[in-house]
Amino acid sequence: MASRKAIAAPFPFLDTDARAWPGMPELTEARRHSLSRFRAEALPSTRVEAWKYTNLAALARIPFTAPRPSAGDGEAAQAAVRAVPSDRRRLVFVNGRFHAASSITGTAPQGSFVGGLTQALQQAPDLIKPHLAHLTSLDGDALMALNTAFMIDGAALLIGRGQTAEPVELIQVGHAGEAPIAFHPRHLIVVEAGATATLVETRTGEGIYWSNAVTTVVLGEGATLHHHVIQQSSLDAFDLARVQVIADANATYDGSLLGTGAALSRHEVEGLLEGRNVTCRLRGAFLARGTQIADVTTVIDHGERDGQSEQLIRGVLDGKAHGVFQGRIVVRPAAQKTDARQNSNMLMLSDGAEADTKPELEISADDVKCSHGATVGELSDAELFYLQARGIDPDTARRLLVSGFLATVFETVSDDSVRERAAAAVEGWFAS
Amino acid sequence: MADASTARQVADLGDRYKYGFHTDIEEDRAPKGLNEDVIRFISAKKNEPAWMLEWRLKAYRHWLTLEHEEPSWAKVSYPPIDYQDSTYYSAPKNPGDGPKSLDEVDPKLLETYEKLGIPLRERGILAGVAVDAVFDSVSVATTFKKELGKHGVIFCPISEAVQTHPELVKKYLGSVVPVADNFFAALNSAVFTDGSFVYIPKGVRFPMELSTYFRINAANTGQFERTLIIADEGSYVSYLEGCTAPMRDENQLHAAVVELIALDDAEIKYSTVQNWYPGDADGKGGIYNFVTKRGACRGRNSKISWTQVETGSAITWKYPSCILQGDNSVGEFYSIAITNNMQQADTGTKMIHIGKNTKSRIISKGISAGRAQNTYRGLVKIMPKADGARNFTQCDSLLIGDKCGAHTVPYIEARNRSAHVEHEATTSKISEDQLLYCRQRGLSEEDSMALIVNGFCKEVLQVLPMEFAVEAQKLVAISLEGSVG
Amino acid sequence: MLKIENLHATVDGKEVLKGLTLEIKAGEVHAIMGPNGSGKSTLSYVLAGRSGYEVTQGTVIYKGKDLLAMAPEERAREGVFLAFQYPVEIPGVAGTTFLKAAYNAIRKHRGEKELDAMQFLKLLREKQALVGMKDDMVRRAVNSGFSGGEKKRFEMLQMALLEPSLAILDETDSGLDIDALRVVSENINRLRKPDVAMLVITHYQRLLDLVVPDIVHVLAGGRIVKTGDKSLALELERTGYAGIGTQAA
Chain A
1 MASRKAIAAP FPFLDTDARA WPGMPELTEA RRHSLSRFRA EALPSTRVEA WKYTNLAALA
61 RIPFTAPRPS AGDGEAAQAA VRAVPSDRRR LVFVNGRFHA ASSITGTAPQ GSFVGGLTQA
121 LQQAPDLIKP HLAHLTSLDG DALMALNTAF MIDGAALLIG RGQTAEPVEL IQVGHAGEAP
181 IAFHPRHLIV VEAGATATLV ETRTGEGIYW SNAVTTVVLG EGATLHHHVI QQSSLDAFDL
241 ARVQVIADAN ATYDGSLLGT GAALSRHEVE GLLEGRNVTC RLRGAFLARG TQIADVTTVI
301 DHGERDGQSE QLIRGVLDGK AHGVFQGRIV VRPAAQKTDA RQNSNMLMLS DGAEADTKPE
361 LEISADDVKC SHGATVGELS DAELFYLQAR GIDPDTARRL LVSGFLATVF ETVSDDSVRE
421 RAAAAVEGWF AS
Chain B
1 MADASTARQV ADLGDRYKYG FHTDIEEDRA PKGLNEDVIR FISAKKNEPA WMLEWRLKAY
61 RHWLTLEHEE PSWAKVSYPP IDYQDSTYYS APKNPGDGPK SLDEVDPKLL ETYEKLGIPL
121 RERGILAGVA VDAVFDSVSV ATTFKKELGK HGVIFCPISE AVQTHPELVK KYLGSVVPVA
181 DNFFAALNSA VFTDGSFVYI PKGVRFPMEL STYFRINAAN TGQFERTLII ADEGSYVSYL
241 EGCTAPMRDE NQLHAAVVEL IALDDAEIKY STVQNWYPGD ADGKGGIYNF VTKRGACRGR
301 NSKISWTQVE TGSAITWKYP SCILQGDNSV GEFYSIAITN NMQQADTGTK MIHIGKNTKS
361 RIISKGISAG RAQNTYRGLV KIMPKADGAR NFTQCDSLLI GDKCGAHTVP YIEARNRSAH
421 VEHEATTSKI SEDQLLYCRQ RGLSEEDSMA LIVNGFCKEV LQVLPMEFAV EAQKLVAISL
481 EGSVG
Chain C
1 MLKIENLHAT VDGKEVLKGL TLEIKAGEVH AIMGPNGSGK STLSYVLAGR SGYEVTQGTV
61 IYKGKDLLAM APEERAREGV FLAFQYPVEI PGVAGTTFLK AAYNAIRKHR GEKELDAMQF
121 LKLLREKQAL VGMKDDMVRR AVNSGFSGGE KKRFEMLQMA LLEPSLAILD ETDSGLDIDA
181 LRVVSENINR LRKPDVAMLV ITHYQRLLDL VVPDIVHVLA GGRIVKTGDK SLALELERTG
241 YAGIGTQAA
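Protein chains in written order, with this note's numbering: chain A, 1 to 432; chain B, 1 to 485; chain C, 1 to 249.
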């Protein structure tokens, strides 16, 4: 389509067959439909409001192919596992495909499933089927369509009514050889009524790859999901991740992101608070340098009354990095007594850095409390001086202040190991 | 100080939309529709030099290329406008070349302005306010010529300035809002009929308020006024603009362009009370107010301050902006936007920081009632060379009733490390507790509401010139009538 | 002055007042005491006309008129003053503006001439002296950023200014230091006149040491369970509410 709103993207992998899924005709049909939709729409350009600040033109120029299993996959998986300091259950994916040999799924109680999505479709179709509509949905933008067309696998975390699940590590590795590859993970997280789950996601990798992930989170009445993401993808990678949360009454989605990797990353959360009294907490922190582009985009859609949402997003930009935060709070007419708060702060460490922030309120109910605050600025001279006056050298002082700036984001994370890993990732960023 | 005429002006504000009368005056009109001939007609009517006509035609030809570029990003909706169904020039018929003095002005026109509370006769004029009044497409009178002349201040209809000060008009017209800037600005550049021109010479700190009242009277006309204000080095001027229109069932287009230029150490304070007819309670009729206002702080230490009270119009699309080019220059935007019934407003500002140590401040108060939609949309942009740039933005929205919407869409784009940008926004409603507290002390529900809303708007009301502040407070109350209970 | 009979009221569908009967004559000061949740604040809000407080049964006659039929501002203009337990902040509205609007609304209602700004400020200064409020405090936005004690002083200033014939003081003594308590009690006592009635709602005896009531009621479970003279308050102080059969409701 020759529209200024689209970037033509004739990726070689588009010509690989969108495989039929055995026993799942709906899925096969959705894939076919989605593929033709992507071909028609192509990639969104910066003329599309949602992509105003993040330009995908560089992505469109790369001849991505579909990944093939290779000999090094096992070693890459093992290396990633070793890097995660945890002995919890884990689901390991290499280039979007479940790597059973490196994974520990344990035994799930009746009504629950922890494993790969293809595996789940075969082994526990009855648990998946009620949520199939989320996988076959034809809604969403071109990237969502592309994911539906080429999804092969992803994590399946299904927690039955009232159960409290042990935390699960989701470890994803991008492993590209000479040729750039693209893969499209599709994760399905279902926490049924009254259940509680924790998912800690780590993304690492090497080479030029494009991960175009979609995570669907379905929360039943009173369910709780703690969902933490540590994104340390290859610095040559494109890491696009969309999390769609559909929450029923009294549910809680408690999410965080710490991102340091990827040439271009976008972490997108769409929270559909469909039931009453839903709580949604989002925290995001990213560090970027060189020519990295880091984008956090959120939409919290309050559909029913008494909901609470709280967002705190902080970015640190060095070199010629470009940081983006777009955060929209929507309050529908029925969502009276909503309490929605959002804060974003961008810290610029260098002259070449760019920060773009677009917080948005769209309010259609009157008895609400909604606010956002946004700041952009550099480190405070007064604070730097104070530390220096106590004998700390400027570099260390800067490091301390930046670490503190980001640590605040994770203060309310209850999982100690996540807080520690986030802090370690920040330290690692300084050291690299 | 407010004198007797201000008091009368305020007392007159009691009715729902008291400006909704129509004055029966013989009009001189262009044929309906828009084409090069109509533009030539307008230019000929104004006796313009060739360069001015060329300028208009250039704008028109560009506008034609924008056929599908009518802005669609604002959160407003309206049926497509048929630009051929409007009249682009309508003037009260006047023998000869127009009035030389107030005595020659059609008494009916003077009467109209009396009704509006803008007495043009010098004896009735508010102390210290020089007024230019634009009726449909032409400027009808400028008061206080003598006082202006003494200071060397030029304050006249822009059509006159084209004749008398072509060098200034040529140099500055379109220099802040280029003809190709946007759809409505291009249209305005092609067909603008009149407006005010102000030039404040070097070092003059003009003590009077300059004021223009705009009124749309004729049916099926658009109003496309063009205002150009130049504050030369070290000068100061405060300029007030008021707008009204009669009640009509059909929508009328108002697409104005205002350009401000502040040179070194100059300051321009521009205040607007916009009370165009908003349409009836069901959204029938009303003015489409699609306006491009922009100021350039060209000089060092210059300052441009926009203050607006937007209560009228069916649709408002307006972003008075500042281009902060000069080092240490300052831009300010203070806004109250009230929408009731079916009104829609999408308004805000752009602050473009280019020079070093430039500062901007944005205070926006949006009030939405009835089934109205009210959007703040703003951009703060810090360019790479703008070391030490500062911005503070506060956007507050107040919702009255559960059928309306309040939206906040700020864009913050920073390209310089030393930038310091702070943005805050809140949305709330008038609490039952606040209302009860006021009513328990004896205030009626509507008075309580007006009091609370005026309190909410205080930071903006207090930067308005005195004459306007009184009127604005009343307007706030009137605009919200019928929104309680 | 005020005659409440068999008053039943619900809040959020829950019945809080369950048949309250009470009569206050001109010149009398009545105290209502009672444990938390007994309906004390509900009574004050019902008398002021707050929305959401629904009267399901009973009557309230004030100066021979049906109080419940009046809008909140009509009640105020007729002389009913409620000193709020939690005075409300109104950002941006200067105290002087607010007080003048209220004062003139009441004067107008009485058919008296409204005061102009100068006259009003003069009057206000006199009243300020009574409660010890400085000019800068009354020029600030209504209750905005006021401490608890300052808010209560401001309530007393309003009472002194508006000169009501029925003053309802809802826990005006709560959270006050000894100085502020003195200001409050002085102002209440100053208003004690043969043609003024007062209803003092409180939790503690200490205010009643300074403002000696003519009659003390114990409110429990939404109705008056005991009535007596000032000694009842002292008895309550000694024995607590449990001691006087408040469980009955």
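For the record, the hints were derived by calculation from the structure and aren't laboratory data. Quick reminder that beta carbons are idealized off the backbone N, C-alpha and C, glycines included. Just so you know, not all the hints are guaranteed correct.
Claimed, not checked - Calculated from the model, a selection of chain A residues having no Cβ within reach of chain B, i.e. all distances over 10 Å: (1) 49; (2) 66; (3) 69; (4) 236; (5) 333; (6) 355.
What the hints assert, rightly or not - List time: in silico EDC-like cross-link candidates among lysine to aspartate or glutamate, alpha-carbon distance up to 16 Å: (7) B:202 - B:267; (8) A:5 - B:69; (9) B:385 - A:354; (10) B:75 - A:17; (11) A:337 - A:378; (12) A:369 - B:424; (13) B:356 - A:351; (14) C:193 - C:229; (15) A:337 - B:69; (16) A:5 - A:141; (17) A:337 - B:432; (18) B:385 - A:49; (19) B:458 - C:28; (20) A:369 - B:432.
Claimed, not checked - Estimated spans, in silico, between C-beta atoms of each pair: (21) A:193 - B:385: 27 to 37 Å; (22) C:237 - A:341: 37 to 47 Å; (23) A:367 - B:281: 19 to 29 Å.
Results for each hint:
1. 49: For residue 49 of chain A, whose nearest Cβ neighbour in chain B is about 7 Å away, the distance does not exceed 10 Å, so it is violated.
2. 66: Residue 66 of chain A is indeed farther than 10 Å from all Cβ atoms of chain B, at 37 Å.
3. 69: 44 Å, holds
4. 236: The claim stands: residue 236 of chain A keeps its Cβ more than 10 Å from every Cβ of chain B (closest is about 25 Å).
5. 333: 6 Å, violated
6. 355: Non-interface label on residue 355 of chain A violated, nearest chain B Cβ at 4 Å vs cutoff 10 Å.
7. B:202 - B:267: With a Cα-Cα distance of about 11 Å, the restraint between residue 202 of chain B and residue 267 of chain B holds, given a limit of 16 Å.
8. A:5 - B:69: 14 Å, holds
9. B:385 - A:354: 13 Å, holds
10. B:75 - A:17: The hint is violated at about 42 Å.
11. A:337 - A:378: 36 Å, violated
12. A:369 - B:424: 14 Å, holds
13. B:356 - A:351: 14 Å, holds
14. C:193 - C:229: 19 Å, violated
15. A:337 - B:69: With Cα atoms ~40 Å apart, residue 337 of chain A and residue 69 of chain B exceed 16 Å; violated.
16. A:5 - A:141: 12 Å, holds
17. A:337 - B:432: OK: residue 337 of chain A and residue 432 of chain B at ~14 Å, within 16 Å.
18. B:385 - A:49: Violated: residue 385 of chain B and residue 49 of chain A sit about 27 Å apart, past 16 Å.
19. B:458 - C:28: 43 Å, violated
20. A:369 - B:432: 14 Å, holds
21. A:193 - B:385: 27 to 37 Å: Taking Cβ atoms as reference, residue 193 of chain A and residue 385 of chain B lie about 57 Å apart, which means the hint is violated.
22. C:237 - A:341: 37 to 47 Å: At roughly 45 Å between Cβ atoms, residue 341 of chain A and residue 237 of chain C fall inside 37 to 47 Å, so the hint holds.
23. A:367 - B:281: 19 to 29 Å: Holds, at about 23 Å.
Consistency with the previously given hints fails for numbers 1, 5, 6, 10, 11, 14, 15, 18, 19, 21, ordered from lowest to highest.
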